[in-house]
Amino acid sequence: MKRPLQAFAVVAAVLVSGCASPPSKVDPLEPMNRALYQVHDVLDTTFVKPVAEGYVAVVPQFVRTAFNNVFNNIDDLFSAVNGLLQGKPDKAGNDLGRVMVNTVFGLGGLIDIATDAGIERGNEDFGQTFAVWGFPQGPYLFIPLFGPTTVRDGTGVLVRIAVGPVGYISNVPVRNSIYGLGYIDLRSQALEGGSIVDTAALDRYIFIRNAYLQRRRYMIYDGKPPPESEDEQ
Amino acid sequence: MTMTKLIRCACAIGAWTLLTPFAVIAEAQEAPDAMVKRVSQDMITTIKSDPLIQAGNEARIREVIEVKLIPHFDFMRMTALAMGKNWRTATPEQQKRLSDEFKTLLVRTYSSALTKYRDETIDYKPLRTSPADTDVTVRTVVMKTGGQPIQMDYSLTKAADGWKVFDVVISGVSLVTNYRDEFNEQIKNGGVDGLIKTLSDRNKGVAAK
Chain R
1 MKRPLQAFAV
11 VAAVLVSGCA
21 SPPSKVDPLE
31 PMNRALYQVH
41 DVLDTTFVKP
51 VAEGYVAVVP
61 QFVRTAFNNV
71 FNNIDDLFSA
81 VNGLLQGKPD
91 KAGNDLGRVM
101 VNTVFGLGGL
111 IDIATDAGIE
121 RGNEDFGQTF
131 AVWGFPQGPY
141 LFIPLFGPTT
151 VRDGTGVLVR
161 IAVGPVGYIS
171 NVPVRNSIYG
181 LGYIDLRSQA
191 LEGGSIVDTA
201 ALDRYIFIRN
211 AYLQRRRYMI
221 YDGKPPPESE
231 DEQ
Chain E
1 MTMTKLIRCA
11 CAIGAWTLLT
21 PFAVIAEAQE
31 APDAMVKRVS
41 QDMITTIKSD
51 PLIQAGNEAR
61 IREVIEVKLI
71 PHFDFMRMTA
81 LAMGKNWRTA
91 TPEQQKRLSD
101 EFKTLLVRTY
111 SSALTKYRDE
121 TIDYKPLRTS
131 PADTDVTVRT
141 VVMKTGGQPI
151 QMDYSLTKAA
161 DGWKVFDVVI
171 SGVSLVTNYR
181 DEFNEQIKNG
191 GVDGLIKTLS
201 DRNKGVAAK
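Those protein sequences? They're chains R and E, same order as listed. At position 99 of the first sequence (counting the first as 1) the number is 99 in this note's numbering, and the numbers step up by one without a gap. At position 209 of the second sequence (counting the first as 1) the number is 209 in this note's numbering, and the numbers step up by one without a gap.
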């Protein structure tokens with residue numbers, strides 16, 4: 001019983017220290033998040049980024065694209081599910097059409113024929129579904145080796161991992177290899193963006209937070225976000 | 001000087017003085033989407049054909065940006081929007097310095113992004129606007145082979161000498177909005193001069209936090 005209490009004390013201390021500076025509405029846990037960002041930065045620069053760079057350097061573009069297409073194809077299926085959950089049958093149908101075209105004619109998702117044909121990805125996910133259902137965003141979180149998220153979006157990601165399909169693969173080495181490949185695929189997509197952040201940002205933590213929250217807002221409103229109420233000028 | 005030569009000369013001067021304002025007006029009336037397309041295509045052609053840029057010469061890339069892009073941006077308005085309510089607390093000299101430093105930062109960022117330019121093509125979406133509009137959004141999609149298309153929208157305002165870009169929105173992330181919290185934070189900690197110093201330090205190559 002002692003250990004959970006200690007953990008609670010640490011979390012409580014972080015929360016209290018977070019209240020010392022004027023708490024921000026979107027990021028009340030900023031001090032904790034900043035600390036976690038520092039941890040992430042060290043781990044990422046030392047281990048993950050070099051692996052992702054190596055992956056880009058060694059694996060030919062067409063192979064990387066094919067892997068990326070397979071992961072996207074699975075995501076498109078879940079995008080269709082989430083389109084339905086949000087009451088957007090048109091978008092869901094679009095995504096389902098993509099999955100069928102890419103699976104049947106794109107060699108099981110290796111080739112993204114649908115994008116070439118001009119069928120755009122729906123990019124719906126569980127986090128957006130929760131937003132459409134009216135769940136509050138909750139505090140912003142920065143998770144080491146995962147990146148920026150919010151309580152709502154993070155819950156969405158956990159749901160997505162729980163429903164699979166990779167989790168259903170019983171062969172543990174195979175399953176873990178797919179998780180690893182998916183992770184490096186994701187990280188390699190962000191390499192260019194990362195170097196732009198390094199040049200553009202005055203404070204990388206804030207820059208990433210703002211970009212993430214803006215991007216999510218844009219996705220929740222399907223590219224047509226209403227003007228923000230607290231706009232200056 | 002014979003009479004004919006004199007007349008010819010006068011005519012030439014007359015034509016030049018008469019025609020110049022028309023040329024300026026013609027340029028001012030270029031539609032915003034046409035302007036974005038012309039400038040983007042010009043940039044792409046230059047990047048692809050310039051041997052120095054192909055070799056990754058950053059100074060040359062910056063020079064091209066200065067000459068071809070900068071005249072089409074309204075940095076004062078951009079900086080004012082990024083500053084929000086703090087803009088009015090800055091003196092005109094501070095405002096000038098802020099917009100100069102912000103400009104340099106954006107040029108640096110843009111040129112480092114351009115060095116990674118490969119074979120992207122740009123798809124220009126039809127512009128929905130009425131002639132009376134003074135603020136418009138030009139929507140484009142950057143297509144990469146083997147990558148997902150990226151939405152890139154330009155917010156433009158009508159000025160005396162043509163349309164000027166005051167914000168770039170990439171995949172829903174507004175450049176100006178993204179800087180607002182950063183600027184606020186800097187001003188809260190060190191005032192307007194603190195922000196100017198941070199910006200100029202960044203531009204001199206001091207790494208960000």
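Heads up, some of the hints might be wrong.
What the hints assert, rightly or not - Okay, derived cross-link-like pairs now, DMTMM-like style, lysine to aspartate or glutamate, Cα gap no bigger than 25 Å in a straight line:
1. E:LYS85 <-> R:ASP203
2. R:LYS224 <-> E:ASP135
3. E:LYS103 <-> E:GLU66
4. R:LYS91 <-> E:ASP123
5. R:LYS25 <-> E:ASP181
6. E:LYS204 <-> R:ASP198
Please keep in mind that the hints were generated in silico from the structure rather than gathered at the bench.
Here is how each hint holds up against the structure:
Between E:LYS85 and R:ASP203 the alpha-carbon distance is near 20 Å, which keeps this suggested pair within the 25 Å criterion. About 17 Å separates the Cα atoms of R:LYS224 and E:ASP135, which keeps this hinted pair within 25 Å; it holds. Of the supplied pair hints, the one linking E:LYS103 and E:GLU66 holds, its CA atoms being roughly 10 Å apart against a limit of 25 Å. For the hint linking R:LYS91 to E:ASP123, the alpha-carbon distance of about 22 Å falls within 25 Å, and the restraint holds.
At roughly 12 Å between alpha-carbon atoms, R:LYS25 and E:ASP181 fall within 25 Å of each other, so this suggested pair holds. Simply put, E:LYS204 and R:ASP198 have alpha-carbon atoms about 14 Å apart, close enough for the 25 Å limit, and the pair holds.
When each numbered hint is compared with the structure, no violation occurs for any of them.
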